[in-house]
Amino acid sequence: MPNEVESRAIEEFRETPIGHHSTELQVILNELRGQPMKDKYCLISIKANREWQLAMTSGVRGKPVKMLNKKFTNLKEAEWYVFKKRWKQLRGETLR
Amino acid sequence: MMKITGYADKMSVAPGETIKFMVNSEAGKRYRADIVRVICGDENPDGPGYQEKLVKTAANGSYKSRKQVIHAGSFVEIGASDMLDGLESFTMQAFIWPTTPEIGTQAIISKWRDRDKAGAALIITKENGSIALCLGNGKGKIQTINTGKPLIAREWYFVAASYDAKTKTVTLVQEPLHGYETRNDRATVRRKSTVGRVPNHDAPLTMASYFKAVDKGRTVCGGHYNGKIDSPRVADRALSAIEMQSLKTWPVATELGNSVIGAWDFSADIKGIKINDLSANLLHGEIVNLPARAMTGWNWTGEEMNWNHAPDQYGAIHFHDDDIYDAGWEVDFELTIPKGLKSGVYAARLRSGEDEDHIPFAVRAPRGKPTAKVLYLMPSASYQAYANEHMNTDSPIGQLMAGRLVQLDKFNLFINEHREYGGSCYDSHSDGSGVCYSSRLRPILNMRPKHRAWIGATGSTLWQFNADTHITDWLEAMNIDYDVITDEDLHYEGLSAIEDYSVVVSSSHPEYHSVEMWDAMDAYQRRGGRLMYLGANGWYWRIQYHSEVPGVIEVRRNEDGIRTWEARTGEYYHSFSGEYGGLWRRNGRAPQKILGVGFTAQGFDISSYYVRNPDSYKAKVKFIFEGIGKDEKIGDFGLIGGGAAGLELDRADRLLGTPPDAYVVASSVEHTDIYLVVCEEMLVSTPGTGGHENPLVRADITFHETQNGGAVWSTGSIAWAGSLAHNNYRNNVSRMTKNVLKRFINPKPF
Ligand SMILES: [Fe+2]
Chain A
1 MPNEVESRAI EEFRETPIGH HSTELQVILN ELRGQPMKDK YCLISIKANR
51 EWQLAMTSGV RGKPVKMLNK KFTNLKEAEW YVFKKRWKQL RGETLR
Chain B
1 MMKITGYADK MSVAPGETIK FMVNSEAGKR YRADIVRVIC GDENPDGPGY
51 QEKLVKTAAN GSYKSRKQVI HAGSFVEIGA SDMLDGLESF TMQAFIWPTT
101 PEIGTQAIIS KWRDRDKAGA ALIITKENGS IALCLGNGKG KIQTINTGKP
151 LIAREWYFVA ASYDAKTKTV TLVQEPLHGY ETRNDRATVR RKSTVGRVPN
201 HDAPLTMASY FKAVDKGRTV CGGHYNGKID SPRVADRALS AIEMQSLKTW
251 PVATELGNSV IGAWDFSADI KGIKINDLSA NLLHGEIVNL PARAMTGWNW
301 TGEEMNWNHA PDQYGAIHFH DDDIYDAGWE VDFELTIPKG LKSGVYAARL
351 RSGEDEDHIP FAVRAPRGKP TAKVLYLMPS ASYQAYANEH MNTDSPIGQL
401 MAGRLVQLDK FNLFINEHRE YGGSCYDSHS DGSGVCYSSR LRPILNMRPK
451 HRAWIGATGS TLWQFNADTH ITDWLEAMNI DYDVITDEDL HYEGLSAIED
501 YSVVVSSSHP EYHSVEMWDA MDAYQRRGGR LMYLGANGWY WRIQYHSEVP
551 GVIEVRRNED GIRTWEARTG EYYHSFSGEY GGLWRRNGRA PQKILGVGFT
601 AQGFDISSYY VRNPDSYKAK VKFIFEGIGK DEKIGDFGLI GGGAAGLELD
651 RADRLLGTPP DAYVVASSVE HTDIYLVVCE EMLVSTPGTG GHENPLVRAD
701 ITFHETQNGG AVWSTGSIAW AGSLAHNNYR NNVSRMTKNV LKRFINPKPF
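Those protein sequence lines, which keep their order, are chains A and B.
Residue 1 is where the first sequence starts when you use my numbering, and the numbers rise one by one after that.
Residue 1 is where the second sequence starts when you use my numbering, and the numbers rise one by one after that.
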């Protein structure tokens, strides 16, 4: 499970996924958001500034972005969803 | 996926003049085209809303769909000639610096007719990435003989292939110029050909690709080569090893000279598109799709950085399989601008069912007859530099810079899959080298109303063209008459394009300028002109337009500055002009000189606000703050990141050229740590360069007088325009902008 510092940072992220962050959270985000482009999460704009679909870039020029079966109507929710996925991928831990 | 895309032959046009539109439509049998005036391209329901006005013109109507494709990839084409077409025995040789020897067949020098696979080509083979000669007898027999020793990427080699038609002997030479003793990549191979007679034909000689066909006037090639070629030669017999060595340089002794069919000098006419043959045969040719010129050659010593001084060391051209200059599509419809059509930002709107595209262009005032006191300078050079930028699919730094998940829209998805539409000067070519040229003679799908860009902060998430519609939207909402010209107009016409206007209003991000544009803006200010700079990271990179062909700019990412690629050492001078490239700051003209402020920090998550400085209470600049309270936060709202100070930020700095008596009336505060000081500000890398700690992470609002009543007001932030429409345009950003505009229209000196 996340340690104490991580747990605080995760709570902070949940509250404010985009914006002013503590150094502890920023360090985590630099790792999570700095992953290579292969199978990297991104959002596809579905309805202007209102609806987004989760997708993954291929990391290969010209190769289509892979659309995933998940839509969001607010960005905060999307950030949290992807944060959990990336945490699982990199730390092997499931966040709730 | 978009099924309709298009471009125009011009980016700006005056009444009475004609603009042509080229359209690719796979969206049904017909599509509808309409001319619209673009007011606000931002679809965000939290903003003023999308607005375009239909304009009735003779061009509006229904048109037949047809597919039009782009053939990317650069090469040299030498037209058919008796000398080449009758070759029996031959030698082909060149210096090469391959960048992707591993990706498959790439032709270096080719006299090939693909229709019946006839002829010969010196290639890198797909077998093993080594040098090979490919022979085809035109009757189905093809033979490729290779050296079997893979080339190392980004190393110079001398390579040659000869063929003796009598003895059917093929000789290959692969001679590394590097000194890696541990790598066995030197080879001389002699083998018998088994294809029989190689027939003559009149297909063109090409370099960096092999000829396939002609499609609507465009030469179409295959086997595009990535990398540099220097000093290519063709002789009419199988030369000996010694003769090959002699022919590396020019001139050569008469006896050998008599056998030379062509000896091309890529260092001649670097600024142009012609390729010069040094031999008596004068088999001159042309480059197609603008490969990079003024590149360091095989013999570059590192002692000379300027190709103008030692052109003989710049005999290389760097070819890319994704270079594109002119898409070369056929015209689908034309528009002659009606007399009396108001100057502004317009677009040809193309629709078929659900599919839609817009091709934007500026309509100018009638030439020499301004119709307003205010001029909006549409930054076409900057739109071009950013044309079809791919960072959200290509670069892992995107989500770090944006501080969030990047967003892609239909335009991004299309250009990701259609690499033949070409990249921006932020992208790298498929071989990893930087894109230093960008043309507008192709669809530019991020220069579109309704487009959202990953880099545009939270909220509306806009950048460049569409972000700038917040400015035109505001001008319309304020009922301010304005004319429009583009960067390109300013470049070619100089001061005369702007001198009759009281005020020039900039876009949110006018980053790229030629010396002609710079000088014109400077002269304008000195003669009493007034500039409202509503942006940041402006007047930053030096560019140049090509002197022979229209619609293409060059930028060299030299030395420092925020760069997504780096010009190679020795390649800092523009090929289009011979000018030293890079930042204007490194050309002795930091942006502070012409704007009062210059680039200092960037971040792309959220924006912030400004607070007033003591300067703001001084009598001379009181007009700026009329109706704005002492303790008001300025711009703590907005569609771009939620604040007026955001994305890229500029600040005043006397030592970089801010005029000594400039007023720094407000500065932004409270930026996140995604905002970092730009690299050209950092001589020593030190901790604490983020927005939380570093005082250089701020936007300054400045005012200074120039000469003869001229003045400059700068906001130092790209996000500024996104705050104009807040609360139905009743807010302190809109108010301040209007205060300044009103005062600037008034000719009274300050
Ligand atoms: Fe920029």
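Because the hints were derived from the structure by calculation, they are not lab data.
Small disclaimer: the values here were computed from a predicted structure and weren't measured.
Careful, some of the hints might be misleading.
From chain A, some residues computed to sit far from chain B (all C-beta separations above 10 Å) [unchecked claim]:
no. : residue
1   : P2
2   : V5
3   : E6
4   : E11
5   : R50
6   : L68
7   : E79
Pairs of lysine to aspartate or glutamate, EDC-like flavour, derived with a Cα cap of 16 Å [said to hold, decoys possible]:
no. : chain 1 : residue 1 : chain 2 : residue 2
8   : A       : K63       : B       : D326
9   : A       : K66       : B       : E417
10  : B       : K10       : B       : D394
11  : B       : K410      : B       : E356
12  : B       : K342      : B       : E17
13  : A       : K47       : B       : E354
14  : B       : K67       : B       : D355
15  : A       : K38       : B       : E17
16  : A       : K84       : A       : E31
17  : A       : K63       : B       : E354
18  : A       : K63       : B       : E420
Note that CB positions come from ideal geometry on N, CA and C, so glycine has one too.
Against the structure, the hints:
With 10 Å as the threshold on Cβ separation, the claim that P2 of chain A sits away from chain B holds: the shortest Cβ distance comes to roughly 21 Å. Against the 10 Å criterion, V5 of chain A stays outside the reach of chain B, whose nearest CB is about 17 Å from its own CB. The claim that E6 of chain A is not at the interface with chain B holds, since no C-beta of that chain comes within 10 Å of its own (minimum 18 Å). For E11 of chain A, the shortest C-beta to C-beta distance to chain B comes to about 18 Å, beyond the 10 Å cut-off, and the non-interface label holds.
Look at R50 of chain A: its CB is around 7 Å from the nearest CB on chain B, not clear of 10 Å, so calling it non-interface is violated. For L68 of chain A, the shortest C-beta to C-beta distance to chain B comes to about 12 Å, beyond the 10 Å cut-off, and the non-interface label holds. Against the 10 Å criterion, E79 of chain A falls within the reach of chain B, whose nearest CB is about 6 Å from its own CB. Of the supplied pair hints, the one linking K63 of chain A and D326 of chain B is violated, its CA atoms being roughly 24 Å apart against a limit of 16 Å.
Taking the CA atoms of K66 of chain A and E417 of chain B, the gap is near 12 Å; set against the 16 Å cutoff, the hint holds. With a CA separation close to 29 Å, the supplied pair K10 of chain B and D394 of chain B exceeds the 16 Å bound. Pair hint K410 of chain B plus E356 of chain B holds up; C-alpha atoms about 10 Å apart against a cutoff of 16 Å. Proximity of K342 of chain B to E17 of chain B is assessed by CA-CA distance (about 14 Å); at most 16 Å being required, the pair is judged to hold.
For the proposed pair K47 of chain A and E354 of chain B, the alpha carbon gap of about 14 Å is at most 16 Å, so the pair holds. Taken as a hint, the K67 of chain B and D355 of chain B pair is honoured in the structure, with Cα atoms around 14 Å apart against an allowance of 16 Å. Pair hint K38 of chain A plus E17 of chain B does not hold up; C-alpha atoms about 48 Å apart against a cutoff of 16 Å. The hinted pair formed by K84 of chain A and E31 of chain A meets the criterion: a straight-line CA distance of about 13 Å does not exceed 16 Å.
Between K63 of chain A and E354 of chain B, the direct Cα distance comes to roughly 24 Å. Violation of the 16 Å bound is thereby established for this hinted pair. A distance of roughly 13 Å separates the Cα atoms of K63 of chain A and E420 of chain B; the hinted pair therefore holds under the 16 Å criterion.
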